[in-house]
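Peer 1: Given the structure of chain A, go ahead and fit chains B, C and D onto it with the hints provided.
Residue numbers (this note's numbering), protein chains in the order written: chain A, 1 to 265; chain B, 1001 to 1265; chain C, 2001 to 2297; chain D, 3001 to 3297.
No lab work stands behind these hints, which were simulated from the structure alone. Here a beta-carbon is modelled for each residue, glycine too, at the ideal position from N, C-alpha and C. You may find that some hints are simply not true.
Straight line, CA to CA, 20 Å or less: simulated DMTMM-like cross-link-like pairs of lysine to aspartate or glutamate [unchecked claim]:
1. D:Lys-3192 to A:Asp-100
2. D:Lys-3096 to B:Asp-1123
3. B:Lys-1190 to B:Asp-1229
4. A:Lys-257 to C:Asp-2242
5. A:Lys-211 to A:Glu-240
6. A:Lys-190 to A:Asp-203
7. C:Lys-2191 to B:Asp-1070
8. D:Lys-3247 to B:Asp-1123
Here are a few chain D residues that sit away from chain C, every Cβ distance over 10 Å (derived from the structure) [to be verified]:
9. Ala-3015
10. Gly-3020
11. Thr-3046
12. Thr-3050
13. Gly-3091
14. Arg-3124
15. Ile-3200
16. Pro-3275
17. Gly-3294
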Amino acid sequence: MFVKTKATAKETAAVFIARQINNGDYISLGTNLPVPAAGVLLAQMTHAPDAKINVLSYFVNLAGIESFPDLGQIANPSVARWADGIMSVEQLIYGIRRMDLCFTGGLQIDQHGNTNLIGIGDDYNNLKFRGPGSVGTSTIMANCHKFFIYVHDHSPRTLVPKCDFISAYGWGNGGADSRSKLGLPGEGPKYVISPKAIMDFDDVNKNMRLKHLLPGMELTDVIQSTGFDLIIPEHLEEFEPPSEIELQILRERVDLKGYLRENKE
Amino acid sequence: MFVKTKATAKETAAVFIARQINNGDYISLGTNLPVPAAGVLLAQMTHAPDAKINVLSYFVNLAGIESFPDLGQIANPSVARWADGIMSVEQLIYGIRRMDLCFTGGLQIDQHGNTNLIGIGDDYNNLKFRGPGSVGTSTIMANCHKFFIYVHDHSPRTLVPKCDFISAYGWGNGGADSRSKLGLPGEGPKYVISPKAIMDFDDVNKNMRLKHLLPGMELTDVIQSTGFDLIIPEHLEEFEPPSEIELQILRERVDLKGYLRENKE
Amino acid sequence: MSRQQLVISLPEAAAMIKDGNSVGIGGFVTTNKPMALLREIMRLRTRNLTIIAPPSSMEVDMLLGLGMVEKLITPYLGAEAIAPLGPFHSGWAGKKFSIEEMELGTLVAGLRAHAMAVPFIPTRGVVGTSIPSLNPTLRYVEDPFGGPPLIAVPPIEMDVVLIHASQADCYGNVQHLGATFIDQLMAQAGKKVIVQVERIVSSEEIRRQPENTTLTSEYVDAVVLTPYGAHPMASQNHYRVDAEFIKEYVRVAKACVKGQPELFEEFVTKYLDNPHGHAAYLETVGLERLFSLGEGA
Amino acid sequence: MSRQQLVISLPEAAAMIKDGNSVGIGGFVTTNKPMALLREIMRLRTRNLTIIAPPSSMEVDMLLGLGMVEKLITPYLGAEAIAPLGPFHSGWAGKKFSIEEMELGTLVAGLRAHAMAVPFIPTRGVVGTSIPSLNPTLRYVEDPFGGPPLIAVPPIEMDVVLIHASQADCYGNVQHLGATFIDQLMAQAGKKVIVQVERIVSSEEIRRQPENTTLTSEYVDAVVLTPYGAHPMASQNHYRVDAEFIKEYVRVAKACVKGQPELFEEFVTKYLDNPHGHAAYLETVGLERLFSLGEGA
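Same shape as in the complex, but just chain A (with noise of 0.2 Å):
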């Protein structure tokens, strides 16, 4: 099944986010984010066997699985048949100070780091496009210890200078202390990870920076596919590509169906 082809820009997102995790972390997995699920179960399945690790309300181990088989549908309850727990929501969501890591997407996602669920326009009594909803990602990443954002379409459309609205809140209107002064427990947003690059924040005003190029990405356009002024380091930083065997995990156990292989966004 393993064909040794290069490792494309989402398998190496994935990659990047299994290596941000520690072994003992507890993760929180959202709907219809196949890149940071991933990742998790990849970290999982390598160096983070401890890894604790929600879907929902089941509490799943996925260290000793042969395979996962749909990543589109993790948010199901057939992860039950993996499950050491199932907890209701309401304890899951009065677990959030525990978790080390959650994920949020956004129809939108500004400079801050805020991001937009709820929908795209000026009034709100009349959208342009109305979204999905918040789901729990105002509280979750209100609380969580830190929390990844990831865009599925890396465009001016979606990396805005500023949401129309916020459903999660991230630096606000930037500054290292925008969070604290609201009381806000979590560490807030530390990465911003798309098909084309990975982000995180300046420390000090708290703007998206870019980290590192995905396979394949130039620089300039990822800059004209940011709809606002990306900071763009002096010195790019390298990162280590997927090694023959993260790739191969992925491809094998994790990603069966080709999530992360196929071209469209």
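Peer 2: Then chains B, C and D, alone, in the frame of chain A:
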């Protein structure tokens, strides 16, 4: 087993309680209150097969059981054998607003139905007697629809003008609006039941009032055994004595060990 | 006297929901949705409903599409990777129905406030977001311990709550045998609670593992027997989501909001209005199709 | 890499509790108390503890009697109809140890506040009672919706929480198979959580009914195997309370607070200090006696 002797005062009190219960009522039974427990079980076995009873975390229905083994140990995991469900104490506490009837006791009960399980004395750090503590009575009696107070010891030491400390709020300093102005959702204490008498509260000032004398009890004794001026109505209502069938069920199915037939209080 | 049995028929259950009611829908996204109950209500076209639901999917979209909803309160409407949905994503929101912007942690806090009988539960969950300005029921509350202010979420209550679960006895003791999502909180906040189940079992079966009981009869007003009643959603322990069915719905819903209601109307006629009762609906879907939804490798 | 196993010995577990720690004790009155863990800690005479417990009984009374407690936070100390207890009811309270007056609904609110990471949970539960004036951690909070003020209960956190349950796997997934009382809330509010169990089972056994898992490994730092470990308290599904044993303790504790500590000291020597380990304790109690505690008719 059933001997046709007259009902004791405690048996009569249990029958009084049973008759207050409507079929379908949701009732919470606390620890160490055999007379209320007997009343609730009697109701369940006669006219209230749908009464919903919780004992600690156990939601039981005892309508069809042959007999209850030990009225003195009702808060005991052995009741799990008749449980339709087991809930956490948190779920229980957060379901209080649905509870129709609860019970509390007290080291002291005052003329406005406030109860004290905290301790006796003027100085909290140097109590004459340290009580067992409030258990959950503060929260339960604040919120449940109505509650009955059970007095083990009808004496001026227990029935006092004013509690040294209040663990569950009754009618405060008196007055029909004393609960609503604090925002307490429950309707407050309805009856006070002792081994000598059954009492209720005046509609206007919410002072305690005699309702029924229990069998073999004298009015002068009850007046002298009460540490404040009990309201004595001009016309004392007769209480329809326990029927033969009520007594038979009490003795043969509810109270096999005879807690309600002992003379000691 | 013997204990009262709570089992009623689907039409009896649907008649408990009146025009203008607030209706809570249990389950989560595409799992354990009380579809049989909802189909019966949809057949009646009960109107001016306020719908309160945790993350939801096609079931809420259909209610919107049928014009039954006045106000929608849900933190999410979608179907994960299966598909985006119809009316909710269109220009209908704010016009054909209103939205009271909600978030899952906030919904849980509001249901919790109701259960605890307090006027509010404080949360930091939506501090800094747009939600406090979009949802007029929320207020700021000072922290008496000196920290920054929080958002106070008031109690949420519903006229009727609809739940899907694995099994119940005839007295209304319910066992999900899996995730309960927020069904317990929803039930606690419902004036009436109707539970549809895959099977009705004996009281003795329930009492074999009373720790598995997720709703005791305190919280349940009626039980309805609806095997395959969550279809096309997944029913934990019983069958998976019928993704193709949802995709079919999404196609007709999308056409509808683009001004071509014919396919939507056909769909409604075929699956809602024509089948006389739940069994007839299942036969319309086809038993072979239903059997194929069992758990795979 | 393989998963880390969390099973440790009783002495290793007891060494996790340091002088001055706040220690939470699970269970309820005379059921599911982590007695084996507590006996091991009592052997060490760990000092200046803050004890936080739901309704409690002999286990807390013994800690008080041994002079190990600086501050006690519990809504109840007693043993239902079995007996009133010793030191707590005497003049020791407020002198040899302090009490932070607590009530069960208030304790639940404080633990809940910790889990939710909010500075307080409002309650009406103790409004009008003496508790707000006796417990300096409580504050009044205004109702932003215009009702009367409520009591704000701040978060309660503990250094170590001790729990007794039926079974766990070696990874720390715990199943009570019965009432959890407030064990889950306690565990959520513990910096470290140690669970003693009647038996350790395979991961596969736990996964057979994952809905029965009451604490997942997220909340558990260590598992200790202690069959009959709740004695003399009841262990749900396993054995009943040993009422005679508690009565014996009450006799010696009462004598002790009346100034006659000899019987108490004898009791402590016999059941705490002399037995080397949990098995030796059970042999001291006697297996025949333990076997007689099974469920009767």
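Peer 1: None of the hints should be skipped; say for each whether it holds.
Peer 2: Quick rundown of the hints versus the structure:
1. Restraint check for Lys-3192 of chain D and Asp-100 of chain A: the C-alpha separation of about 16 Å stays at or below 20 Å, so the hint holds.
2. Restraint check: the Cα-Cα separation between Lys-3096 of chain D and Asp-1123 of chain B comes to about 16 Å, which is no more than 20 Å; the hinted pair holds.
3. Proximity of Lys-1190 of chain B to Asp-1229 of chain B is assessed by CA-CA distance (about 18 Å); at most 20 Å being required, the pair is judged to hold.
4. Proximity of Lys-257 of chain A to Asp-2242 of chain C is assessed by CA-CA distance (about 19 Å); at most 20 Å being required, the pair is judged to hold.
5. With a C-alpha separation of about 13 Å, the suggested pair Lys-211 of chain A and Glu-240 of chain A falls inside the 20 Å cut-off, and the hint holds.
6. Our distance criterion of 20 Å between C-alpha atoms is met by Lys-190 of chain A and Asp-203 of chain A, whose separation comes to about 10 Å.
7. A hinted pair counts as satisfied when its Cα atoms are at most 20 Å apart, and Lys-2191 of chain C with Asp-1070 of chain B does not qualify at roughly 36 Å.
8. Our distance criterion of 20 Å between C-alpha atoms is broken by Lys-3247 of chain D and Asp-1123 of chain B, whose separation comes to about 30 Å.
9. Distance to chain C confirms Ala-3015 of chain D as a non-interface residue, since its nearest Cβ pair spans about 33 Å, more than 10 Å.
10. Gly-3020 of chain D, annotated as away from the interface, keeps every beta carbon of chain C farther than 10 Å; the closest lies near 24 Å.
11. Against the 10 Å criterion, Thr-3046 of chain D stays outside the reach of chain C, whose nearest CB is about 30 Å from its own CB.
12. No Cβ of chain C comes within 10 Å of the Cβ of Thr-3050 of chain D; the nearest lies about 19 Å off, and the non-interface call holds.
13. Every CB of chain C is more than 10 Å from the CB of Gly-3091 of chain D (nearest about 34 Å), matching its label as outside the interface.
14. For Arg-3124 of chain D, the non-interface assignment is contradicted: its Cβ lies about 6 Å from the closest Cβ of chain C, within the 10 Å cut-off.
15. Interface exclusion of Ile-3200 of chain D from chain C stands, the closest Cβ pair being 20 Å apart, more than 10 Å.
16. Residue-level check passed: Pro-3275 of chain D sits 33 Å from the nearest beta carbon of chain C, beyond 10 Å.
17. The claim that Gly-3294 of chain D lies off the interface holds: its Cβ sits roughly 19 Å from the closest Cβ of chain C, which is beyond the 10 Å cut-off.
Violation of the numbered hints given earlier is confined to hints 7, 8, 14; the remaining hints are satisfied by the structure.
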